[in-house]
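Novice: One-letter residues, chain by chain:
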Amino acid sequence: MIDEMTTVLEPSPLPDFVETRYVKDITKRGISYIKAGFPVHFRGVSGTGKTTLAMHIASKIGRPVVMIHGDEEFTTSDLVGGEYGYRFRKVVDRFVSRVLKVEEDMVKRWVDNRLTVACKYGFTLIYDEFTRSRPEANNILLSILQEKMMDLPVGRGGEEPYLRVDPDFTAIFTSNPEEYAGVYRSQDALRDRMIAMDLDHFDYETEVAITKAKSKLSKQHAEMIVKIVRDLRESGKCEFAPTIRGCIMIAKTLKVQGISPAKSNGAFTQMCQDILASETSRVGSKTNQNRVKEIVRELIEKELSGQKSTAEAV
Amino acid sequence: MRDVNSLPGLHKVRTMFSANKRSRPRVESSAYLELYMLNKEKERLLKEDERLSRRKDAIKKRLEEINSEINKLQETEAAVKAVGDTNSSGATFTQKEGVKKKWKKMSLNY
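As given, the protein sequences belong to chains D and C, one line each in that order. Each residue of the first sequence is one higher than the last, beginning at 2 in the working numbering. Each residue of the second sequence is one higher than the last, beginning at 315 in the working numbering.
Among the hints, a few may not be true.
Stated by the list, open to error - Below, a list of computed lysine-lysine pairs in the DSSO-like style, where the Cα atoms sit at most 30 Å apart:
1) Lys374/C x Lys61/D
2) Lys415/C x Lys149/D
3) Lys416/C x Lys149/D
4) Lys335/C x Lys109/D
5) Lys36/D x Lys395/C
6) Lys61/D x Lys354/C
7) Lys418/C x Lys149/D
8) Lys121/D x Lys418/C
9) Lys36/D x Lys416/C
10) Lys419/C x Lys149/D
11) Lys61/D x Lys36/D
12) Lys395/C x Lys121/D
13) Lys419/C x Lys36/D
14) Lys354/C x Lys36/D
15) Lys121/D x Lys326/C
16) Lys419/C x Lys29/D
17) Lys61/D x Lys386/C
18) Lys416/C x Lys109/D
19) Lys326/C x Lys61/D
20) Lys36/D x Lys356/C
21) Lys109/D x Lys418/C
22) Lys25/D x Lys419/C
23) Lys375/C x Lys121/D
24) Lys419/C x Lys91/D
25) Lys416/C x Lys121/D
26) Lys91/D x Lys395/C
27) Lys61/D x Lys375/C
28) Lys419/C x Lys109/D
Calculated from the structure, these hints are not laboratory results. Since the structure is predicted, the reported quantities are computational estimates derived from the model, not experimental observations.
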């Protein structure tokens, strides 16, 4: 008795999804590797758009998507499938009134999990943060990616102990090598079977476009926020570099408050300091926070004075 | 593959007449009778040919009607399927063995 999951994902971009030259270039490269028959692995620190780009490529491929989020608790059966309960059947036959015929039957119920379904029907697999799963849980992927064949447990039943992977099957992986909590190193054998694309923070043009699109803020204000965040990132004085998420948080908050940075009477500086100090430190030590806050204040002053002098010149 | 229709039927049975056989030996004086018999057979066959051509016309007409109906229904079905595919409620994907399965689709916006 084999059951399987019946829900698949259909990724589609939101209206505010930004497709700049940088995004188009990465997407094009990713799709070309996939067309050549290789899985793609987006590797990079938090906030570099790994998952979004994986979903974007998956939507361009046009096949239904199956998504797995890496987890330490995962075992092979969480990917392949396992026995989940029993199916019990009882038939009481009283067709002839003086004869009672009872027939009972109990079979184990096997449920195919996401990976098996994706391999069987040729769907696109997005394995997000796959290094959060223990390396031995990912062993099953080795034969899938190389020999295009999947070993199925005997307990599954069915007619074949092996499953031939559908030619349309595609895998996109993401991982963050700098994450410190709950991650494992990826196996060399697995890493060797995929093309890793190292992602860095978005370029200036993309960051401005994303900030503007997500917050509906004016281009001038979006540019100012991005400049502050990028300058802070490039100062190298933060424990963790601020990401595009910081830009979006500041921009959205500014939009909600309906204020202008120049006329905010210190509220904008406070907001930037709160958001960026929180984003750039892990434990939140006072010394670090004060240092970041001071840098942010200086950067904001520089930006505001720059804007003022430009306005005067005009 | 041979089936019951390809078996020889009653009309394939050779008759004395079609085999050009006689129970009595041919004589000169029977030419008139033979002419009469051949005329009779010719009339019968012409009538049969006429009946068959009428039947053939009717069959051709009905086949044309059936074909146009099939095309119309196939177009309707294709249109319904296309609407179903664009609708996010579900779609079918065929496995290699040809087993069709209905999938629930959940949109994932990014």
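Novice: Does the structure break any of the earlier hints, and which numbers would those be?
Specialist: 1, 4, 6, 14, 15, 17, 19, 20, 23, 24, 26 and 27
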